[in-house]
Amino acid sequence: MKTGRYLALLLALLPVTACADDTTQGTETPPDSLTIVSHDSFAGGVTDETFAAFTAETGIEVDVVAAGDAGGTVNQAILTRDNPLGDVLFGVDDTFLSRALDEELFVPYESEFLASVDPALVLDPDHRVTPIDFGDVCLNYDIAWFEEAGLEPPQSLDDLVAPEYAGLTVAEDPASSSPGLAFLLATIDRYGSDWPGYWESLVANDVKIVADWETAYYTDFTRYGGDQPVVVSYASSPPAEVIFAETPIDTAPTGVVTDGCYRQVEFAGVLANGEHPQASGRLVDFMLSPEFQATIPTTWFVFPANEEVELPDVFSENTIVPDDPASFDPAEIAANRDDWLDQWRRVVTP
Amino acid sequence: MAAGGDTLTSRRTLWAVAALPLLFIGYLFVYPMIRILWLGVSELQLSDVLVETRLLRVAWFTLWQAAVSTLLTLVVAAPLTWAVSRFEFPGRRLAQGLVVVPFVLPTVVVGTAFAALGWRGSIWAILAAHVFYNVAVVVRTVGGLWARIDRKVEEAAAVLGAPPWTVFRTVTLPLLRPAIIAAASIVFLFTFTSFGVILILGGFQYATLEVEIYRQAVIDFDLPLAAALALGQLVGVSTLLAIYSRRQERTASALVLAPEGSTRRRPAGRAGVAVTLAVLGTLGLLAIPPGVLVAKALAHDGFSRLVTDDPVVGRPVEAVPTSLQFGLAATVIAVAVGLCAAYVISRRRTRLSQWFDVVLMLPLGTSAVTIGFGFLIALDVPIDLRATIALIPLAHALVAVPFVVRAIVPLLRSISPSVREAAAMLGASPTQVFRHIDLPIVARAALVGAGFAFVVSLGEFGATSFVARPDTTTIPVMIFRLLGRPGLGNFAAALALASLLGAITAAAILAIDRFRSGDMGSF
Numbered sequence: 199m200k201t202g203r204y205l206a207l208l209l210a211l212l213p214v215t216a217c218a219d220d221t222t223q224g225t226e227t228p229p230d231s232l233t234i235v236s237h238d239s240f241a242g243g244v245t246d247e248t249f250a251a252f253t254a255e256t257g258i259e260v261d262v263v264a265a266g267d268a269g270g271t272v273n274q275a276i277l278t279r280d281n282p283l284g285d286v287l288f289g290v291d292d293t294f295l296s297r298a299l300d301e302e303l304f305v306p307y308e309s310e311f312l313a314s315v316d317p318a319l320v321l322d323p324d325h326r327v328t329p330i331d332f333g334d335v336c337l338n339y340d341i342a343w344f345e346e347a348g349l350e351p352p353q354s355l356d357d358l359v360a361p362e363y364a365g366l367t368v369a370e371d372p373a374s375s376s377p378g379l380a381f382l383l384a385t386i387d388r389y390g391s392d393w394p395g396y397w398e399s400l401v402a403n404d405v406k407i408v409a410d411w412e413t414a415y416y417t418d419f420t421r422y423g424g425d426q427p428v429v430v431s432y433a434s435s436p437p438a439e440v441i442f443a444e445t446p447i448d449t450a451p452t453g454v455v456t457d458g459c460y461r462q463v464e465f466a467g468v469l470a471n472g473e474h475p476q477a478s479g480r481l482v483d484f485m486l487s488p489e490f491q492a493t494i495p496t497t498w499f500v501f502p503a504n505e506e507v508e509l510p511d512v513f514s515e516n517t518i519v520p521d522d523p524a525s526f527d528p529a530e531i532a533a534n535r536d537d538w539l540d541q542w543r544r545v546v547t548p
Numbered sequence: 002m003a004a005g006g007d008t009l010t011s012r013r014t015l016w017a018v019a020a021l022p023l024l025f026i027g028y029l030f031v032y033p034m035i036r037i038l039w040l041g042v043s044e045l046q047l048s049d050v051l052v053e054t055r056l057l058r059v060a061w062f063t064l065w066q067a068a069v070s071t072l073l074t075l076v077v078a079a080p081l082t083w084a085v086s087r088f089e090f091p092g093r094r095l096a097q098g099l100v101v102v103p104f105v106l107p108t109v110v111v112g113t114a115f116a117a118l119g120w121r122g123s124i125w126a127i128l129a130a131h132v133f134y135n136v137a138v139v140v141r142t143v144g145g146l147w148a149r150i151d152r153k154v155e156e157a158a159a160v161l162g163a164p165p166w167t168v169f170r171t172v173t174l175p176l177l178r179p180a181i182i183a184a185a186s187i188v189f190l191f192t193f194t195s196f197g198v199i200l201i202l203g204g205f206q207y208a209t210l211e212v213e214i215y216r217q218a219v220i221d222f223d224l225p226l227a228a229a230l231a232l233g234q235l236v237g238v239s240t241l242l243a244i245y246s247r248r249q250e251r252t253a254s255a256l257v258l259a260p261e262g263s264t265r266r267r268p269a270g271r272a273g274v275a276v277t278l279a280v281l282g283t284l285g286l287l288a289i290p291p292g293v294l295v296a297k298a299l300a301h302d303g304f305s306r307l308v309t310d311d312p313v314v315g316r317p318v319e320a321v322p323t324s325l326q327f328g329l330a331a332t333v334i335a336v337a338v339g340l341c342a343a344y345v346i347s348r349r350r351t352r353l354s355q356w357f358d359v360v361l362m363l364p365l366g367t368s369a370v371t372i373g374f375g376f377l378i379a380l381d382v383p384i385d386l387r388a389t390i391a392l393i394p395l396a397h398a399l400v401a402v403p404f405v406v407r408a409i410v411p412l413l414r415s416i417s418p419s420v421r422e423a424a425a426m427l428g429a430s431p432t433q434v435f436r437h438i439d440l441p442i443v444a445r446a447a448l449v450g451a452g453f454a455f456v457v458s459l460g461e462f463g464a465t466s467f468v469a470r471p472d473t474t475t476i477p478v479m480i481f482r483l484l485g486r487p488g489l490g491n492f493a494a495a496l497a498l499a500s501l502l503g504a505i506t507a508a509a510i511l512a513i514d515r516f517r518s519g520d521m522g523s524f
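Protein sequences appear in the order of chains A and B.
The first sequence begins at 199 in the working numbering and counts up one residue at a time.
The second sequence begins at 2 in the working numbering and counts up one residue at a time.
By construction, these hints were calculated from the structure, which means they are not laboratory data.
If you're wondering where the values come from, they're calculated on a predicted model, not measured in any experiment.
For glycine and all other residues, C-beta sits at the position ideal for the given N, C-alpha and C.
Take these hints with a grain of salt, some might be off.
[Stated by the list, open to error] Derived DEER-like restraints, expressed as beta-carbon distance ranges: (1) B/296 / A/448: 23 to 31 Å; (2) B/388 / A/308: 26 to 34 Å; (3) A/545 / B/296: 35 to 43 Å.
Given only the sequences and the hints, what does the whole structure look like? Please build it.
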């Protein structure tokens, strides 16, 4: 019994000391460049300016490689764990976090800026990952459509199954879409073990389900010529509608239903087997610094994790950050995801 | 004469020519596939797969929808193929260029157009979309051969009293068979591995093996099951290809090909009506979805947004030169590899060359996720190719090579051996035989293949997004990024960029066709 525990302790210490060798000696010479592995939507927003301040301060260039969508990014990091594509991985979210941690993708790093971050976002007490931003998946509605129809926009998840809202909602398949999964989790959080019953009512009320967000928003949402004035989207979508309007507008044409939101948190982590763990830690610091965090909302349309950063006006005027969004323990998601998706499929398949 | 082609081509030359395609396919496809499949399959418990009867249904659906899609595509494409290869009329080249446009349009954009027309959410939408995307494959591949079948052959049959339909069935169709099989095999592979069309136009309740592999590999990260499915997909595709390859060889009839263009006539009388109907009818149908896109882009001022600087994605139009550069590089690689491969395949009628043919086609029938994951774990030696820009045109070429091979092989096989033998008898060396007999014919076929390779590269999204960097934004990646954000401006810009992609495609094909007939004199 005793020896067994010794052995377990030894084994537990092994990787830690191995890392300690790499990181605490202080002999690491700063590299010329670091590479962030991320998903395509992050890479799409990176310009020459994004990391210019970091390069000016440290002399280290920052390169970004995209690896598909959020799920693909984590999986490919696992596949390439022994010879990673980069130094820092950004973009693992709460729904894939458990998988990443179980596979020991990251080495711990505790950022100095964590004091300014809402503790609810710090989902790994060992700091193998650091929260950088969060986004709330919420129902959006087409303001003009509801005015024209003389109908109040829905206020809650319960409203969606009421007869007057029949056929008005479009959602995404949780098996192929990240907001789709978030919305399913929001309903599971709200209705507990009764959630399949809620989805049965949704289906009975003619909810439309499509493969991805792009299709739901740009094909089925009434604002873009579709038939559904309620869409599962993000709390940040209305400000984006203002920023990317065809002709300048002051107020958003879409609104957010504050009930039934789900908070997705995105993390960065220093990849194990990377060559420059110390410099990578500094890069994580930079990503959590007010300077970088201030660029997050209008570049990637998510909210900065650092609470010292003020939201731009277009955000504060056109959306709300829900007070009490649903969220799950990543381990619970990992343990149940397959079952939930199977059950969901059975409920919605005709 | 016992050794067949060996009389003219030495074994050593053949191996030297085979080296490039062997290295290409071995390093970029076979080796990564073995690595990734082994990784998954080694942990597989067979019972896990067998209990999933749902997967059998998925496999069956994958098979039949691909078969039906291929048949429908052949039928829909037939009249237009006939018109553009047998007749000369104003706008013929334009028609041949326009038909390729659907081929490059991203599914998510086409989905928008189909939805606006109400064509969505059923098996019919899936089949219609597959036809929409693949008509070009048939028109170009079959048309290439048809345009070179001497009218005298058909006329001889007619003189002997055969009615037109009988002539077509008993004379023309058998002659065209190699090209028809070549086109059908490509269309089949495309639809067999269909992903976006199934999810976006069919609806979430439809799943092909490709969709299922994506779900298992990316969402559930069940690598063993994903690998088992990928292996199943691979075995199915190889079996079918092997059958095709055998058939194609048996049915290849050697004939003296007429010079390109010499067989086209001005349509008159009833033929004129039929040609007009075939061209306008088919193009009219194919034009509907792109028409909707252009109209929507115009309605929201999308084209001016292409040159407007966006703080996040930059000027969308900047993706155009990036795409063109990758397209050019991919085309050069694909043509070099494809030419060598086609030469080897058509010269040697052994089981080995048959398998070579099949293996070269396999990337078309393999799921993008499997190839992408394979790249990631295998391509870090001898140099770390994974993070280099070179991987993008190489990945594009991997998908494009089958088009080059398929465009060339039927023509090479159709060269009557007696022509080569006659030349050899008159004292021509093997090199001279190749230069004076094979090359003129091959060069034009290679251009057809090159056109497709270029277009495949322009429209490719999967592999590019797997290794994308901020400075390697191709047109499809840019469209996807624009559509990833809410806002009318993004929507309009995405549709405008898709329209531009279509226009560039048509222009590229037109330019290649012009060049192709421009050097007629040397024939």
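Checklist entry - So which of the earlier hints does this model not fit? => result none
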